[in-house]
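Chemist: Protein sequences, first through last, are from chains L and F.
So the first sequence is numbered by our numbering: it starts at 1 and just counts up by one.
So the second sequence is numbered by our numbering: it starts at 1001 and just counts up by one.
These are computed hints drawn from the structure, not numbers from a lab.
Any given hint could be a false lead.
Stated by the list, open to error - Simulated restraints, written as ranges between beta carbons of each label pair:
hint	chain 1	residue 1	chain 2	residue 2	range
1	L	Glu170	F	Leu1062	37 to 45 Å
2	F	Ile1273	L	Ala177	34 to 42 Å
3	F	Ser1139	L	Glu170	37 to 45 Å
4	F	Tyr1152	L	Gln330	53 to 61 Å
5	F	Asp1113	L	Glu362	28 to 36 Å
6	L	Lys364	F	Gly1304	28 to 36 Å
7	L	Thr169	F	Ser1139	38 to 46 Å
Owing to the predicted nature of the structure, the values given are computational and were not obtained by experimental measurement.
Glycine is no exception: its CB is placed at the ideal position from the N, C-alpha and C atoms.
Below are the chains, spelled out letter by letter.
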Amino acid sequence: MIINNKNKLKNIFFVLLSILMGFIIAAFVLKVGGFDPFEAYKIMFLGIFSKFSYISYTIIKSTPIILTGLSVAFAFKTGLFNIGAEGQFIAGATATAVAGYFLNFPSFIQIPTILLIGALAAALWGGLAGFLKSKFNIHEVISTIMLNWIALYLQNYIVMLPGFRKPDTEASYDINASGSITILEDWKYSEVGVAFTDAHQFIGDFLRPPFNAGIFIALIAAIIIYYILNKTTLGYELKAVGFNKHAAEYGGINVRRKMITSMAISGALAGLAGSLHVMGVSKNISILATMEGYGFDGIAVALIGSNSPIGCVLSGFLFGGLKYSGAKIQSAMEAPSEVINIMIGVIVFFMAIPKLFKIISEFKLKKKDGRGE
Amino acid sequence: MLTDIALILGTTLMYSTPLIFTALGGVISEKSGVVNIGLEGMMTIGAFVGASVGYFTGNPWLALIAAGAAGMMLALLHAVASIHLAADQVISGMAINFLGPGLAIFLCRIFFDGATMTLSIPLDQKIPRPLNGIFAQNSFFDLIFNQYATVYLAFIFVIITWFILYKTRLGLRIQAVGEHPKAADSLGISVFKIRYLSVCASGFLAGIGGASMALSIVSNFRPTLVSGQGFIALAAIIFGKWKPQGATLACLLFGGAQAIVIFLGNPEIGVNISSQLLAMIPYILTILILMGLVGRTNSPAAVGIPFEKS
């Protein structure tokens, strides 16, 4: 147990070191590009923390990638690489948008209903990849890449269907207001609300962005995933499959079925991200020319979060903050915001090579020994 | 009818080319035992460097080589991580997929006044069409064979790769290192050296693959240019059972499906299907074919496993 804790601490230290390397190398890249890195980091820091509305936006940006991060991390635990969080996000968003427009129950029924429909559609989409793997031995990396594109074109097709497409636009009709999870949406524009937020600037500031309940659902999802992985038989079996497929099979675990289950749960998580995005932020779906990158970002979130649910939440906030504030260096000092992608790439890169730090620390130890003699 | 078929075949060749280059690179890398999931990132940096060197120098061949070199630089990072530092190759490859597009657009904004697109290369400075004017315009053979030089280059590379892998000592060493690195090592083959060579070659080819798009199919770089083709190439490798000829066929199949979609999407053909549904065909087809190919996949035995000398 003590060893375990020590390893955990070491791992956290290692993650922080990787993040630090990301900041250092990104600073170097900015410098070479002719920009003042300190100025850029200052703008980014203030761009997240100097206003309540900025914090609110950061949370909104982080919500979907926390969930896609959880999705990728969950599949990783079963030894599956889910590149398909992108497509599962789309499946969830599309199903929720359709259900949210055509159904209209009172809010307390509508919200869970369309959320569940989204998660279910995405679970099927993810489970399909699991099925293809267990039945036809198709590598999940291939099947999920294909399913991503199929999902994208399917969404585009559904958006354009007459009766669902908002005439003369490239988007669908908005979902019914009963399915919205934007917090105090009507109230904040009502007379009372405006009077109140004028009097309490910081609340008004916080609510100005489409702040929504999505983040709470994402956090609950993280807790549930933590519970499933660490406290249930299912979680134990899933991890056993990820750890050693053959040993798990020998131990009487139905590996094929576990793969489908894992991909379905993973898909549901990514689907939740899509559903919440529709219910809280976009309110509709529109034609996609290319992938939006939620699933792709989720891979980075999962990797930086060391595939643990808590790690995913933290790295999701980090990534969300970087993405949101990174856009600001573009407008403020014309420094390319893509430096954030470079930074993320560097962090992930260092996360891939724990051996480097080991070599360095061993080298230092050797030096010390040398002096001692 | 005949010209329709020719048109489809011609389009197939054009769209398969970037995939073939990239997939060949992936085959070489994976044969040596290093998973290269970073092909997408290497393609993107190649597309950018190709487009901008092409724009600034006016020499498409120089641009192509520069693109290969740029892909190789990224591959070198992946190589150091996965060979010397025993990295998790999937993670380090994923890092390349963030670094490649990030660097490409970052540099693009710096060299092109804040734009995320490079300026267009004039028509006569793109990759030439060697067989242009040999056949009558829009005749059957013209539609098929009047292609950019990169198309022919891709097929030449297929033959070269096949020859190297199966007919030379180097190729046998690459395979040995990928199948059983310990045995190869005990026979005096440097596992590290062979793997470095293979990963760098894969970056070079992926870079050329990306540039073959920017320098021939279109005439500039834009952020959505590569969008997922590196992953399609990755799929083609597995689909083609880790063989250069197999991967090439898989790329042709994918390109062919795309060509048919483009052909059917032409309003003059009069097929009344939504273009969105048509666009799914290549992806659905890939899954269906893979379902028919049930069985063991023949990946190199040591692929993805770092080699550490004991």
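Chemist: Tell me, in ascending order, the numbers of any earlier hints that this structure violates.
Modeler: 4 and 5
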